[in-house]
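Colleague: Sequence:
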Amino acid sequence: MASIKKLINLVKDNFEEGEEILSYVDGAFQATVRNKSTLRSGILVATNRKVRFCGKRLFFIYDDVIEYCDIYKVEITKEKFGDTIFIDGKKKSYFMKFVISKDVKKFLDTLQHFKGKRL
Numbered sequence: 001m002a003s004i005k006k007l008i009n010l011v012k013d014n015f016e017e018g019e020e021i022l023s024y025v026d027g028a029f030q031a032t033v034r035n036k037s038t039l040r041s042g043i044l045v046a047t048n049r050k051v052r053f054c055g056k057r058l059f060f061i062y063d064d065v066i067e068y069c070d071i072y073k074v075e076i077t078k079e080k081f082g083d084t085i086f087i088d089g090k091k092k093s094y095f096m097k098f099v100i101s102k103d104v105k106k107f108l109d110t111l112q113h114f115k116g117k118r119l
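FYI, in full-length UniProt numbering the residues of the sequence shown are 1 to 119.
Don't read these hints as lab results, they were simulated from the structure. Every residue gets a Cβ at the ideal spot worked out from N, C-alpha and C, and that includes glycine. Keep in mind that the hints are not guaranteed to be accurate.
Unchecked claim - Computed Cβ-Cβ distance ranges for the label pairs, DEER-style:
{"#": "1", "residue 1": "Arg34", "residue 2": "Asp103", "range": "11 to 21 Å"}
{"#": "2", "residue 1": "Gln112", "residue 2": "Gln30", "range": "14 to 24 Å"}
{"#": "3", "residue 1": "Leu39", "residue 2": "Ile8", "range": "17 to 27 Å"}
{"#": "4", "residue 1": "Thr77", "residue 2": "Ala31", "range": "17 to 27 Å"}
Stated by the list, open to error - Derived pair list, reagent style DSSO-like, types lysine-lysine, alpha-carbon separation capped at 30 Å:
{"#": "5", "residue 1": "Lys73", "residue 2": "Lys92"}
{"#": "6", "residue 1": "Lys78", "residue 2": "Lys91"}
{"#": "7", "residue 1": "Lys90", "residue 2": "Lys102"}
Using the sequences and the accompanying hints, generate a full structural model.
Modeller: The structure is reproduced here in structure tokens:
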């Protein structure tokens, strides 16, 4: 996995005008690709416009976007190897596992504040 600073710079490359980072957590993002569940390590970034995941493996850069208006609820569970953040969305659900960041509370507060809003 690339360093957090490198991942932040990669995710900033895809920002819209006026978009800025409010908080972020690092861990393993669970996504479904071709009907198979995969874990990708990286960062989950809450901006003032949307939630973005950025991960890098060798030459591939993963960039997934979750709109705040698509989020129904956000939950966190404490587990042995770190926290798990569950984001229930309109189209599908998202998981961020093995989160050990210090700013998990700030990240969750940001998601709770913006969820369901169209920005």
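Colleague: Regarding the pair Lys73 and Lys92, is the alpha-carbon distance no greater than 30 Å?
Modeller: Within the cut-off at roughly 12 Å; holds.
Colleague: Quick one: are Gln112 and Gln30 within 14 to 24 Å, going by C-beta?
Modeller: 21 Å, holds
Colleague: Given the hint of 17 to 27 Å, is the C-beta distance from Thr77 to Ala31 inside that range or not?
Modeller: This hint holds: roughly 19 Å between Cβ atoms.
Colleague: Determine whether the Cβ-Cβ distance between Leu39 and Ile8 falls within the hinted range of 17 to 27 Å.
Modeller: Check passed, 20 Å falls within 17 to 27 Å.
Colleague: Take a look at whether the Cβ-Cβ distance between Arg34 and Asp103 falls inside 11 to 21 Å.
Modeller: 33 Å, violated
Colleague: Do the alpha carbons of Lys90 and Lys102 lie within 30 Å of each other, as the hint requires?
Modeller: 28 Å, holds
Colleague: If you draw a straight line from the CA of Lys78 to the CA of Lys91, is it 30 Å or shorter?
Modeller: 25 Å, holds
Hint compliance for this structure: hint 1 alone is broken.
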